[in-house]
Amino acid sequence: MLNNKGRVTRPQESADDLVEAQDSYSGHKGLLMNEPLLFEVGGLDKTGVDLPECAEAETMLGGLERVDEIGLPGLSEPEAVRHYVRLSQQNYAIDSGFYPLGSCTMKHNPRLNEKMARLPGFTDIHPLQPQSSVQGALQLMDELSHWLLELTGMDSIALSPKAGAHGELCGMMAIKAALEAANSSRDIVLVPESAHGTNPATAAQLGFKVASIPADADGTVRASAVQTAIEENGAESIAGIMLTNPNTCGLFEREIKAIADAVHEAGGYFYCDGANFNAIMGRIRPGDLGVDAMHFNLHKTFSTPHGGGGPGSGPVVLSERLSAFAPIPFLQKSDHGLTLVENLNDAEEDSQAQPFGRLTAFHGQMGMYVRALSYILSHGLDGLAQASGDAVLNANYIRARLKDLLNQPFGDQACMHEVLFDESSLADSGVTTLDIAKRLIDEGFHPMTIYFPLVCKGAMLIEPTESESQASIDLFVETLASLIKEAIAGENEEAFHQAPVHTPRRRLDETAAARKPILRYESSTN
Amino acid sequence: MRYLPHTEHTRRAMLDTIGVASIEELFEQAGAPLALPPTSLPPHKSEMEVEQHLSKLSGMNRAAGDGAFFVGCGAYRHHVPASVDHLIQRSEFLTSYTPYQPEISQGTLQYLFEFQTQVANLLGSEIANASLYDGSTGCGEAVLMAHRITRRKKALLSGNLHPHYAGVVKTLSHMSSFLVEQSEVIAGQSATTDLIAKIDDETSCVVVQTPDVFGSLYDLREIAEAAQAKGALLIAVVTEVVSLGAIKAPGDMGADIVIAEGQSIGNGLNFGGPYLGLFACRQKYVRQMPGRVCGETVDADGKRGFVLTLSTREQHIRREKATSNICTNSGLCCLAFSIHMTLLGELGLKKLAKLNHSKAVQLSKALSSIEGVEVLNQSFFNEFTIRLNKPAEPIVESLARKNILAGVPASRLWPDRAELDNLLMLAATETVSDTHIDDLCAGLKEALDA
Chain Z
3 MLNNKGRVTR
13 PQESADDLVE
23 AQDSYSGHKG
33 LLMNEPLLFE
43 VGGLDKTGVD
53 LPECAEAETM
63 LGGLERVDEI
73 GLPGLSEPEA
83 VRHYVRLSQQ
93 NYAIDSGFYP
103 LGSCTMKHNP
113 RLNEKMARLP
123 GFTDIHPLQP
133 QSSVQGALQL
143 MDELSHWLLE
153 LTGMDSIALS
163 PKAGAHGELC
173 GMMAIKAALE
183 AANSSRDIVL
193 VPESAHGTNP
203 ATAAQLGFKV
213 ASIPADADGT
223 VRASAVQTAI
233 EENGAESIAG
243 IMLTNPNTCG
253 LFEREIKAIA
263 DAVHEAGGYF
273 YCDGANFNAI
283 MGRIRPGDLG
293 VDAMHFNLHK
303 TFSTPHGGGG
313 PGSGPVVLSE
323 RLSAFAPIPF
333 LQKSDHGLTL
343 VENLNDAEED
353 SQAQPFGRLT
363 AFHGQMGMYV
373 RALSYILSHG
383 LDGLAQASGD
393 AVLNANYIRA
403 RLKDLLNQPF
413 GDQACMHEVL
423 FDESSLADSG
433 VTTLDIAKRL
443 IDEGFHPMTI
453 YFPLVCKGAM
463 LIEPTESESQ
473 ASIDLFVETL
483 ASLIKEAIAG
493 ENEEAFHQAP
503 VHTPRRRLDE
513 TAAARKPILR
523 YESSTN
Chain H
7 MRYLPHTEHT
17 RRAMLDTIGV
27 ASIEELFEQA
37 GAPLALPPTS
47 LPPHKSEMEV
57 EQHLSKLSGM
67 NRAAGDGAFF
77 VGCGAYRHHV
87 PASVDHLIQR
97 SEFLTSYTPY
107 QPEISQGTLQ
117 YLFEFQTQVA
127 NLLGSEIANA
137 SLYDGSTGCG
147 EAVLMAHRIT
157 RRKKALLSGN
167 LHPHYAGVVK
177 TLSHMSSFLV
187 EQSEVIAGQS
197 ATTDLIAKID
207 DETSCVVVQT
217 PDVFGSLYDL
227 REIAEAAQAK
237 GALLIAVVTE
247 VVSLGAIKAP
257 GDMGADIVIA
267 EGQSIGNGLN
277 FGGPYLGLFA
287 CRQKYVRQMP
297 GRVCGETVDA
307 DGKRGFVLTL
317 STREQHIRRE
327 KATSNICTNS
337 GLCCLAFSIH
347 MTLLGELGLK
357 KLAKLNHSKA
367 VQLSKALSSI
377 EGVEVLNQSF
387 FNEFTIRLNK
397 PAEPIVESLA
407 RKNILAGVPA
417 SRLWPDRAEL
427 DNLLMLAATE
437 TVSDTHIDDL
447 CAGLKEALDA
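Chains as they are written, first to last, in the working numbering: chain Z, 3 to 528; chain H, 7 to 456.
A portion of the hints provided could be inaccurate.
[Claimed, not checked] Listed below are several chain H residues computed to face chain Z (Cβ distance under 7 Å; list not exhaustive): (1) Pro11; (2) Glu14; (3) His15; (4) Ala36; (5) Pro44; (6) Lys51; (7) Met54; (8) Gly113; (9) Thr177; (10) Glu190; (11) Thr199; (12) Tyr291; (13) Gln294; (14) Ala328; (15) Asn335.
Treat the hints as calculated values from the structure; they're not laboratory data. The structure presented is a predicted model; accordingly, all values stated were derived computationally and were not measured. For each residue, glycine too, the CB sits at the ideal point set by N, CA and C.
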């Protein structure tokens, strides 16, 4: 097959001629570009920024001029663009494929949000310019607060926490402040075994003692187990409980109201980890379940971008009992408009407020508030309820399609927005959860969350979110099913251990990385 | 609803596969009590309507670019090259998450490794982590880290540390039953006598900001020696990292831990967030360092690659014994920082710093010629403090009504210290023009004469 210039227009048909892909001379492989480190391609004498000239003027630097070489190589703009575009191409992303990372809610990130967050009236305003000049920003914070309070049925809100774990810290500090105000020495916090690691870490940071509560055979916490823990530790020492609902196994805590009652009766507070709020938004209000404090992860539930691991945003809602103990700053309405109360002394003028202090400089993650409100307004109450419904539908659809192949550690039962399997059906196959995850990478998927929660062996936690179509989920389910069948049949075990092979890098040696940490570039000539 | 792929037809088919009649039945089976009380929350809006509403709110704010602007004190307006924002919006950066699967996250991991190297070099320290939430939370974490290393409980803060940073340290310390002591506030001077005198055998760390909240610069060597002689660590705080293109790095002057707010490079003002906390320290403290860290390793073929490492310090492994409860870093803000820093390079950063300093010198000269204005600083980078002959806050308000954002009155940060009421802190970056300075001086003269 030749065109009229002699150029071959079809691939050669003889399979005998196919050769194994070899390492290339250039280091690149087709569309996959190898990219050296900035420090290997940049130059100390290079820059990609043209700045206005400035005349030599007198200096006021107090004799502290930096004269030594700093070690910051530069690139021209085209080189920099290519460097970062090539790096980006080595990442998997929601925009390119199915990303069912359990507990992380990898939903679509609408681009309208990005456009709105870049409006000059939001991105180009300073946290310390006069409040009279930022009334629109304060109104945006107030509107977002209204939505978050209405959706949860709670009493007040602290917007400033910078991420989910920071929100946990905020909520538990509010509890500690309330206990201090009552001269209480309660210091035990109950935490279920399935909790995120941040829960016990937060409680411990604040000087609380962590008492672990076991889950029942169905994967949820029994009110009777909480009651037993309260009695064992003494009701007078219970500061509260930290419970995730839906929990990290994707199950709704059926006895949540009775658990709340038991903790309240003992005199403690109920902190709810809201990481999984996506399952219930617009349908169930934590405030109606007895929750005293709960954080949101705006980057999970309300679609602010995950950004390779941040920035997050973790507003906290508080019940009437804890309302007075929010941190500064907080919003106040007056005749002149909205005011942000920034100082403890200003707060005292309001006799109700007993803020526990400040969690961060300034007012929190404004850029994320804009994106979250853009998402919320786009959905409206009906859209949010449909989104949580679709998220639950998708997870149960995956459960229904895989339940005969994979074991659910707590039996086959309706789940919420994510479904948990373990690796018991792979027993004796020589293939592990890790191997399955790495094969999924070769199949073009981001794996589910693996080995979390810690309550079963070889956990596979699958969270599809509402953003996936049936066709997308079907392809994932069928691929995963084929891999499981292949593993159980004992075929190709080596291919599982070798995977992934179609990636910029193969499996990486994490042990070596931790044993002798190399955390920065050192020139080989040093 | 434009963000939801399902049709009623696909929902029905999927419900049939599951074997339930409705989504509500699934909630019921899962034991989740559906009971949303009546609410006034509105239904969904079109993209156009959302855009109109949010644009209206945006339009009610006075953006920094709308005229004369001299506000600093921990957040600074710099020009960010267009390519930075374009690159961070690449889908693969914007919509990926924590690199849990390193084989398909080398893009994120490599830029974090490059970022850590840039930060360590900029701050003059041996190693850096992959960032914390912002400078102030980094400062709080640094104090907790110093307590772990020294096994002491008392932090000594410079009186000229940004009051919001001091507030974060005090809140964390109070909640964890640690102690905080603070030296006196001395506007416009890098006086350290009182600070050094307060260091004792129980001091775990001394926290010094340079340039400080009033803009003064510090030679840290004497404080470092004094602290280390008593077995305490020196924590240096930098809220304006562009300054490090012009002045000596804290790590090079003996600071054990260096914290910085990285917003100035690559990131907008954003009304206070998201920002990024730069965190660097001596290599020997690496296992006490909070937050995520990226390290170099090799893959199965022996090729260089990168992974998150030292996770045995972190909450998902250590739970209640973790070094901190931190889970995320400021990923995308780090990327913006790193790209902008790569575009600048050493050459560009030094030039940018020089330009900032020259603008501030120009501003200080113009202001000192006004009657009723006294420039307090003996040294500064791009920010300094003036004393007016009357309280600063009403003047700042009146200038704001004339579209001049004059700076931060000290009373905004210290509402209960009347002796600071006449002080005003002003920052001048490369974005300030001669016209802005003229506008400010004319407005200030008029306001002081009134």
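Each hint tested on the structure:
Because the closest C-beta pair between Pro11 of chain H and chain Z is about 4 Å apart, less than 7 Å, the hint holds. The beta carbon of Glu14 of chain H comes no nearer than 11 Å to any beta carbon in chain Z, farther than 7 Å, and the hint placing it at the interface is violated. Here the hint on His15 of chain H is broken, as its CB sits about 10 Å from the closest CB of chain Z, past 7 Å. Taken as an interface hint, Ala36 of chain H checks out: its beta carbon lies about 4 Å from the nearest beta carbon of chain Z, inside 7 Å.
For Pro44 of chain H, the shortest C-beta to C-beta distance to chain Z is roughly 11 Å, which exceeds 7 Å, and the interface hint is violated. Hint status for Lys51 of chain H: holds, given a least beta-carbon distance of 5 Å to chain Z, under 7 Å. For Met54 of chain H, the shortest C-beta to C-beta distance to chain Z is roughly 10 Å, which exceeds 7 Å, and the interface hint is violated. For the restraint placing Gly113 of chain H at the interface with chain Z, the shortest Cβ-Cβ distance is roughly 4 Å, inside the 7 Å limit, so the hint holds.
The criterion of a C-beta within 7 Å of any C-beta in chain Z is met by Thr177 of chain H, whose closest approach is roughly 3 Å, and the hint holds. The criterion of a C-beta within 7 Å of any C-beta in chain Z is not met by Glu190 of chain H, whose closest approach is roughly 19 Å, and the hint is violated. Checking Thr199 of chain H against chain Z by beta carbon gives a least distance of about 16 Å; that is not within 7 Å, so the hint is violated. Taken as an interface hint, Tyr291 of chain H does not check out: its beta carbon lies about 12 Å from the nearest beta carbon of chain Z, beyond 7 Å.
A least Cβ separation of about 13 Å between Gln294 of chain H and chain Z goes past the 7 Å threshold, and the interface hint is therefore violated. A hinted interface residue such as Ala328 of chain H counts as satisfied when its beta carbon comes closer than 7 Å to some beta carbon of chain Z; here the least separation is about 4 Å, so the hint holds. Interface hint at Asn335 of chain H: satisfied, since its Cβ lies 5 Å from the closest Cβ of chain Z, which is below the 7 Å cut-off.
In terms of the numbered hints stated before, the structure departs from hints 2, 3, 5, 7, 10, 11, 12, 13, listed from lowest to highest.
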